[in-house]
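Position chain B relative to chain A; hints supplied.
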Amino acid sequence: MPRPEPKTITFTIDGREVQAPENAMLVDAAKLGDVEIPVFCYEPKLGNPVGACRMCLVEIEGIPKLQTGCSTPVKDGMVVNTESERVKTAQQSVVEFLLINHPLDCPVCDKGGECPLQDITFGWGPGKTRFVEEKRHFVKPLELSPEIAIDRERCILCYRCVRFSQEISEDYQLVLLERGAHSYVSTFDGHPYVAPFSGNIVELCPVGALTSREYRFRARPWDIEDAGSVCTLCPAQCNVTLTVRDERILRVLARDHSEVDDGWLCDRGRFAYPRLGGEGRVTEPLLRDGGELRPVSWERALEEAATRLKRAGAATGAIVGGGATNEEGLLLSRIMREGLDSPHIDSRVAGTLPLELHRALAEPNLQASVSDLEFAHAVLVLDCNPIEDAAILDLRLRKGVRRHGMKLVPATAADLLDERSAQELAAKLRATGPADDAGAEVVVLWGERLTAGPDGARAAQALLDLASTLNLADTKGAGLLEIPARANGRGLREAGVLPNAGPGLSALAEDGLDAIGIARALGEGELSCAYLLGADRAGEEWERALERATTVISHATFLTDALREHADVVFPAGAYAEKEGTIVHPDGRIQRLRQAAAHPGECRAEWQVLAELARRIGLDVEIQSGAMASQQLFDAVPRYAGLTLEEIGGRGVKPHEREVAVAS
Amino acid sequence: MSDILLFKDIDEPGLATLEVYAKRGGYESLRKALEMTPEEVLAQLESSGLRGRGGAGFAMGKKVSFLPKGSIDKYLVCNADESEPGTFKDRELMQKSPHMLIEGIVIASYAAGASRSFIYIRGEYVRQADMLDAALAEATQAGYIGEDILKSGHSLSLVVHRGAGAYICGEETGLLDSLEGKRGNPRLKPPFPANQGLYQGPTLINNVETLATVPAIIAMGGEQYAKLGTDTSKGTKLVSVSGHVQRPGNYEIELGTPSREIIYGLAGGPPEGRQVKCWFPGGSSAPVLTAGDLDLPYDFDSMAKAGSMLGSGAIIVVDDSTPILDVALKVAKFYRHESCGKCTPCREGTNWTVKMLERIDNGTATPMDIEIMASVQEHIIGNCLCVLGDAMAMPIGSMIAKFRDEFETHIEQARARNDLAPAEPEPALAGGVSAHA
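Going down the list, the sequences are from chains A and B.
First residue of the first sequence: -11, per my numbering; consecutive thereafter.
First residue of the second sequence: 728, per my numbering; consecutive thereafter.
Looking at chain A on its own, in the form it has when it is part of the complex (with noise of 0.2 Å):
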């Protein structure tokens, strides 16, 4: 579908020229030339503005009445004035009745320090009050959710967490009550505000008036650092903002990427992490003794796990798990096939693929975005279940729903794996496009698990089919995009954690077993040492296999039960927020892993426990920091030849992008 292509105009801004996108609301265009125009309810990501607050009045030459700097689009020739006494007047009024009902608590306020409305109250506001009246009063704080307090006497109504329940969200949950001053805000029958993406609220309400209960009282603004990373609960891969106080995470922030999240989070994202820094984390190296784990020094635990490698050799079997970056997959997949010799190493839950189905499907101009499930005809949402696999992407679909028109169409590999559903879905997809040959843009939302068990390979070529089909491949907006089954599943395979490819895809002299292969060997006696990079396998397969293994090595944060029974060895491994290094996006965006958190305990970064033990086992890595192993990874995926740490910054960096960049 057409995206915007606005056009540059000029238009005058308290006496100064300057230059905007025809039609950006005035309040964008103002920061342009370095005007700030003062608002509440306006929040571009919520869709249209609504004009509520009224904070944004701004003189317009040649109309008569002051206009809502946030729903006028800018013109060409515009003449806008926010310094004159009218709006000043205008702008000390609308903050002079906001106050009347806010009961001023900043001192006890969590708010207080990054509140919008003290914010705007010092820069616009009359400095003094002339209300004496009695304040409007509520109960309060009340639990809005169980993660959320509301403090409906801080409320300034400015409607954007009611917008965003009915029209981003889209759980239509959070209403407003009665009318005029006494209008508040609350679920329509007072049932707690439970949905998948509540968390946001806290974010987009400029008061303190909606308030992580997490959060609440554990800190004032002066006392945190913000620190960027990118959240890798689920393949989504959120951009986050990390609230540290004493080196510990408190908080849980977007960080607008509108090619990844477009500025919102799930609550699993928001409120998972510092639960995940708590209690019950392995925060030191542990051995089995006595048939019990128990806390040995690094020195031992390593020469224990060193000694038995070596023993075990080319009988070693190595699952990665989803969280691991592509650093510590690349490490792992050196230690195993250059130290041990052993071939035997997988990333992927359901075994692998033909290596060029994978080269097929990773081909760049298949690739979609995830900004093009927005403007798409259609997209295809084929075995998989965003809100399950990767939530944000649910919101992105709402969206283009929404505001584009977008049509969604599920389906499963059975629909695909027969021919004539195959065709019927084809044409399908094909009708959504417009009247004339141009084609229609679609994008194959795919989830890993379409190509898994025995039909796996058969319902990939299928989807490569289809993609041909609609010729996906020369169609600008259009592509397959996948959800793999684990947070960095495609970084793994890019960095050749693979039985059957090695870095960027590879080819390798030997093929080794993949993660089924590797289960069934173990159970079978076939290989005798199991290594974990924070991987958890469950099911009878696994349970047979690591009872029957003679060593299993884990790194670990948590200990399951399969690891209590059967780890011989546990390196206690770091949560996301206490790594560095790379992840891949599902899009192929290259991600950046900051440190923000400290590890606990004796707990050491992976990249530093892994170079260590292939020292031990006589493999020299030449890897002394976090930079050198991501050195490493670039120098040796051809695709990110000349990347640096630097180049990736915040916003990561697409090498199928880039390369075409380069070229040109």
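There may be inaccurate statements among the hints.
To be verified - Below 30 Å or equal to it, Euclidean Cα-Cα: the simulated DSS-like pairs (lysine-lysine) are:
| no. | chain 1 | residue 1 | chain 2 | residue 2 |
| --- | --- | --- | --- | --- |
| 1 | A | K63 | B | K916 |
| 2 | A | K53 | B | K1060 |
| 3 | A | K416 | A | K(-5) |
| 4 | B | K1060 | A | K395 |
| 5 | B | K1129 | A | K53 |
Said to hold, decoys possible - Okay, the calculated beta carbon distance ranges per label pair:
| no. | chain 1 | residue 1 | chain 2 | residue 2 | range |
| --- | --- | --- | --- | --- | --- |
| 6 | B | E851 | A | D159 | 28 to 38 Å |
| 7 | A | K116 | B | G1034 | 27 to 37 Å |
| 8 | A | V397 | B | I799 | 20 to 30 Å |
| 9 | A | T117 | B | E851 | 31 to 41 Å |
| 10 | B | G948 | A | D159 | 48 to 58 Å |
| 11 | A | N69 | B | I799 | 55 to 65 Å |
| 12 | A | N69 | B | E851 | 37 to 47 Å |
| 13 | B | E1085 | A | R639 | 50 to 60 Å |
| 14 | A | G101 | B | G908 | 35 to 45 Å |
| 15 | A | E49 | B | G797 | 29 to 39 Å |
| 16 | A | R639 | B | G908 | 39 to 49 Å |
| 17 | B | A1128 | A | G101 | 37 to 47 Å |
| 18 | B | G797 | A | A423 | 12 to 22 Å |
| 19 | A | G115 | B | E1085 | 19 to 29 Å |
FYI, nobody ran anything at the bench for these hints, they're computed from the structure.
Positions of the beta carbon are idealized from the N, C-alpha and C atoms, including for glycine.
The following block gives chain B in isolation, referenced to the frame of chain A:
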């Protein structure tokens, strides 16, 4: 000189039935209109100079012409949420002559190219809604509503929708939201309803009286209609006169009739021995005028020139037996209660104004509060999302401007009452003897 067009037969027994209405020439205008092209009907509406009778006074023909042309689905909505205090003309019209409204709607929909129409009637008008339903059934039966009306090719559905009781649902965009099943809050304009109204489709919204005038315009011709009234306020107007008058009620007058003639002539003026203190010329949201303005012609422009507005044509007369503070408090409380709460100046300003007026009344205010109150009204006017805030601020502002002395006296008297009160809860004024005496 009164009851010229709409009210000509208004008290005819049984006019609400199709039989009597038809006998009186009902639906003849519709036949005539359907023989013309929609453009010709629109031309008649434009040449009539009819201005909207709901309050804003916007030229009806022009409003129709704003709707996009073409085969796109269009809507017509009749605003029957008559909620402006003092206004009760639409009620009588719908109750006594529902077919006149229906006929007007069909003709207007033909001119506008609308195929779906709604009457949004306030929930309290139970009887009138029932009567509209009955009339609608008759009209449908007779083929005036439905597919291919009178074999003209024009089709129209009509639904009578009852509101749930909110003044704000009379604001056109609030009405549309309410009609769509949402909370009745005003929308940001633009887009205007003519482009994006009901269900985002082009929508013509008109008041009951406006639409009910359409059959008369078609019957007599737009130019003939335009001969009634003044240059800029053409035709007749239903006026609801209430308050301190001896004969309150609805009167149909030619626009431009001297206000004194309406208030004293038709409505009989205040009771014996009392004088007009002030009057609202266009419902409670119009700035008040005083006895000195009684000789102004009653039309859109004269009222605007006097600093007020004709509004919905509801004249509320206040005589000298009522303190101005009581009037102000009544008005302010109404708008505080009805503010939807969406935009800041209206939500907080109406609430604050009531609190200040209450303090004036209970003797805890100072003359400085009058300044604050006046400035609060100024801060509301023109700064709100819709006109509800202005609807309180304008009359309150006008009362402060015109009766400042009385407000000051009220403050002083109320304060004196308080100062005289004994510290112990001894009713100070009951015995007429105070502790200080």
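message = Under the constraints set out in the numbered hints, which ones does this structure not fulfil?
response = Going through the list in order, the structure violates hints 3, 4, 11 and respects the others.
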